[in-house]
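Q: Sequence:
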Amino acid sequence: MHPVISGEIMELHHKKHHQAYVTNLNKALEQSQEASNKNDLGGQIALQSAIKFNGG
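In numbering that gives the first Met the number 0, the protein residues as written are 0 to 55.
It is possible that some hints are incorrect.
As the list claims (entries may be wrong) - Lysine-lysine pairs mimicking DSSO-like chemistry, simulated, CA-CA at most 30 Å apart:
#1 K26 - K37
#2 K51 - K37
#3 K26 - K15
#4 K51 - K15
As the list claims (entries may be wrong) - DEER-style ranges, computed between Cβ atoms:
#5 P2 - A45: 25 to 31 Å
#6 P2 - N36: 20 to 26 Å
#7 A45 - V21: 17 to 23 Å
#8 M9 - Q32: 31 to 37 Å
#9 A19 - Q47: 18 to 24 Å
#10 E7 - A49: 16 to 22 Å
#11 H17 - S48: 27 to 33 Å
#12 A49 - K15: 17 to 23 Å
#13 N36 - V3: 20 to 26 Å
#14 A19 - A45: 28 to 34 Å
#15 V3 - G54: 22 to 28 Å
#16 G6 - E33: 35 to 41 Å
#17 S5 - L40: 44 to 50 Å
Read the hints as simulated data drawn from the structure, not as lab findings.
Bear in mind the structure is a predicted one, so any value in this text is a computation, not a measurement.
Glycine is no exception: its CB is placed at the ideal position from the N, C-alpha and C atoms.
Given the sequences, and given the hints that come with them, work out the whole structure.
A: Okay, structure coming up:
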């Protein structure tokens, strides 16, 4: 029997989709920390959706 998900598909998923989520999550977390350091509550709130979306 063949695997349901090929190695090629898994590699594509990881290199493109998964990595984009990781990159975007890290960026949003960094921006959130910067907003926190500035006591920018509005900025922190604005970033919550990006953190939730990319962090799962």
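Q: What hint numbers does the structure not satisfy?
A: Result: hints 5, 6, 10, 11, 13, 14 break, sorted rising.
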